[in-house]
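Chains as they are written, first to last, in this note's numbering: chain D, 1 to 328; chain F, 329 to 882.
Among the hints, erroneous ones may be present.
Facing chain D, according to a computed beta carbon distance under 8 Å, are these residues of chain F, among others [claimed, not checked]:
#1 Q401
#2 Y412
#3 Q413
#4 S416
#5 I418
#6 M421
#7 E425
#8 L429
#9 G430
#10 E432
#11 L439
#12 V440
#13 P443
#14 A444
#15 A448
For the record, the hints were derived by calculation from the structure and aren't laboratory data.
Keep in mind it's a predicted model, so treat the numbers as computed, not measured.
In this text, a Cβ means the ideal position worked out from N, Cα and C, and glycines have one as well.
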Amino acid sequence: MKSADMRQPVSGRSGWSRQRHPYLMAALVFVVLCVVNAALQQTFLRYEVAISNVAAFLPMALLAVGQTYVILAADIDLSTGAIVSVVNVAVVTIIESMGGTGASMALGLAAGLLLGITCGAINGFCVAVLRLQPIVTTFGTGIVFAGFALWILPQAGRQVPPVIYLTYAGTVLGVPSVIWILAGAIAFAAFVGRTRFYKALRATGGNIQAAYQTGLPVARVRMGAFVISGFFAALAGLALVGETASGDPLIGGALTLPSITAVVLGGTALSGCVGGVAGSILGAFILGLISNVIFFAQLPFEWQGLVQGLIILLALAGGVVMARGKQG
Amino acid sequence: MPVLEASGIRKRFGGVTALAGADFSLHAGEVHALVGSNGCGKSTLCKIIGGSVAADAGELTLNDKPVTFSGPQDAAAEHIGVFYQDLSLIPKMTVAENIFLGREPTGRAGLVDQPALHQAASAALAGFREVLGDGIDADTTVAALSADQGQMVEILKVLAAQPRIIILDEATAALDRNQVAAVFEHVRSLKAAGCSIIFITHRMDEVFDIADRVTVMRNGATVMTADSDQTTREALVEAMVGELATARGKSARHTPAAEVALQVDGLSSDKLVDVSLQLKRGEILGLGGLHGQGQSELLRVLFGARRMRSGHVRIAGKSFDPRGPRSAMRHAVAYISGDRARYGVMAIRPIFENLVVSLLARERRQIIARRKLEGEIAPIIETLKLKFDSLGAAVSQLSGGNQQKVVIGRWLATRPQVLLLDDPTKGIDIQTKVDLYATLDDLCAQGVSIMLYSSDDEELLAIADRVLVFNAGRIVTELTGEQRTQFELYRAAYDAGHTGLQQAASKQTPAQQTGSHQPGTQQIDAKEAGSKATDSEKIGSKKIDSKKTGEATE
Chain D
1 MKSADMRQPV SGRSGWSRQR HPYLMAALVF VVLCVVNAAL QQTFLRYEVA
51 ISNVAAFLPM ALLAVGQTYV ILAADIDLST GAIVSVVNVA VVTIIESMGG
101 TGASMALGLA AGLLLGITCG AINGFCVAVL RLQPIVTTFG TGIVFAGFAL
151 WILPQAGRQV PPVIYLTYAG TVLGVPSVIW ILAGAIAFAA FVGRTRFYKA
201 LRATGGNIQA AYQTGLPVAR VRMGAFVISG FFAALAGLAL VGETASGDPL
251 IGGALTLPSI TAVVLGGTAL SGCVGGVAGS ILGAFILGLI SNVIFFAQLP
301 FEWQGLVQGL IILLALAGGV VMARGKQG
Chain F
329 MPVLEASGIR KRFGGVTALA GADFSLHAGE VHALVGSNGC GKSTLCKIIG
379 GSVAADAGEL TLNDKPVTFS GPQDAAAEHI GVFYQDLSLI PKMTVAENIF
429 LGREPTGRAG LVDQPALHQA ASAALAGFRE VLGDGIDADT TVAALSADQG
479 QMVEILKVLA AQPRIIILDE ATAALDRNQV AAVFEHVRSL KAAGCSIIFI
529 THRMDEVFDI ADRVTVMRNG ATVMTADSDQ TTREALVEAM VGELATARGK
579 SARHTPAAEV ALQVDGLSSD KLVDVSLQLK RGEILGLGGL HGQGQSELLR
629 VLFGARRMRS GHVRIAGKSF DPRGPRSAMR HAVAYISGDR ARYGVMAIRP
679 IFENLVVSLL ARERRQIIAR RKLEGEIAPI IETLKLKFDS LGAAVSQLSG
729 GNQQKVVIGR WLATRPQVLL LDDPTKGIDI QTKVDLYATL DDLCAQGVSI
779 MLYSSDDEEL LAIADRVLVF NAGRIVTELT GEQRTQFELY RAAYDAGHTG
829 LQQAASKQTP AQQTGSHQPG TQQIDAKEAG SKATDSEKIG SKKIDSKKTG
879 EATE
């Protein structure tokens, strides 16, 4: 059919690989960085080193997973790092002030998760119900959360019972705890990815007006994404309790923007709708590997920031250029 | 007994009154056409019935029970389905995901059953397979679809909810004739099953083809309701505009100068092959032929919005390299697309900014003297009869027709010498069209040269001095003088595409053949031209029919 041949943008179809597998580029960069890292660090492929890398990258990966849902809805959450801080100090404070008993630990962990969810709900309420701009709102709530963290514990310190960090660094049923946590996050994402909620989330990010007209509960969906983000920030805060065994009110502040970078590296579009959690986890690992590579390349300290930034830019540009090339 | 009754519905957006007491009633099992010029409140009324806009005043009753909708989900719960004129599709999601958005089939643990979703979507698509065209299946992303395919998907999405009351707001605007026939066939079967349909269109022949009753709206109020077999086109048009609007006749044309304003030699691009033409000063040159044969592409190449692969362009004798819209603007070339949402208006910005933006870009002014600019655009506002509340209001508050006037005004402000019009009257009411034709006439008299593509063949033939017929990116014929008839246009378009078309014709099902008997002025399409050509008598009857409708609608 002549007229069909002439139909307009057939090229959109060849954006296929980035649409369906937005994390292909991230996977490629990840493999390259693994090779480079292995060349620089002989022990890189050893089991214990691999596990300790996963443990080190885990908080960032968890933050990125939560952030992915918010970004898929075309929103953004700049308060995640602050939620990490407030959960971190709250948990440590609760456990220590209750004497470090088993009950106190259970209560502390539960309270930490609840706190994260509450923070997320506050963000979601402001953005989805009050319809405030997400970028400014979460920047603001982030300052409040960070201030709350400082109020709870003005200085880094306190101790948690050894069983917490021993369990975190150890194994459960022969599998390292960090792997359990990562697997749990992936299972969660796999489950959510098959729900109607997830379709509605992507639709909201893709065209909020159309999603509303379709009758989707747009406000509830956006709210849900912020709650998930708060929940994962709380998990990251708990992971840092396990990692550092103490509280630090400033621990999360520097994590927010890198976690967003991880999401973007993983192929999730800041404009919403396109992307996924798998890419974000890869993105977080890529950021960690870049730090590793720079450390083991024994670059002079003053060069590290520069090189790190350039590698991140390169990885980001690679994804964009690849997508563009496909659409030709 | 009416299934749905709206009475005294009022709605204001800012200072603009969209509805000033509209009354409407819909019977069970009827197709009720809603017509009126753009901005008369049809779409707003539909959005209120669909729950996505809240009325300021008035009452809505369903089966005699008053209802209030707090959102589209409430209307959906009452089995009301809305086809939105601007489509409610998510571009980056697949056809399947869009059709069943919010209604995905679920399996174990309430999770979305992907295979079932795919299957259901494929089944939905299969119902319209013959008219959907190539490059669309359940997994295609909506962004990759053509405009007509997007509309078809929106229709399927509405149907997937199995509504009892269906609102189709310009659902056929981008569809070709076979697609319209297929949709109508479906609408008739829904009607037979007891569904009620509100049908909005700007095409008169569709009203008489499908509607049982018709309601005319003007300035936010319903002014007339009649059985469609008890009324005439003239009566409807008169009710719409308040007076009988007539388009300028061909005879009123002045003769273009001999001077060449734009010369194109051997131009090729991704979709154009060796195009050569001359545009005279003060001439309207029409680009015709089947849908999407390179007409829009040529206009966009000349404006520098699409890449030219080879060829040579001269403007007023001087060589011109269309590298981009900026360089085109510096050569006094302006491009206006009918796809205003995509290429035209900056929806949330004020009308003022939308009017002056091209002027500012052309003259590279950095400092904006508002008073001075307002003075400069005042005559343009006058010429175009642009209606608005305040220059500071967002352009999105205007009706489609007025938005298009803003886009046109923006370019007139730059005093173009060559005006490229890419289907500029798409989805625009008759009154606005008449205003636009008059404006084009004035421009030609002032020596502006115009190149026009229109999906409305009748319009093209009525206002163009010459028509170049395109096929597969080539110019195949030039129609001048007395040759400018629908018959010649069809024949030229058909002859050129002969080989490709026979296949299409053989794919026709008997049902569609019947469907394409309706007289009318729709977009000609390859498939239709194919089926037409199998019977030369039909071509003849078509010519007469369209002449008749031409007199009536314009």
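Handout entry: Structure versus earlier hints - violations, ascending order
Key = Of the numbered hints, 3, 13, 14, 15 do not hold.
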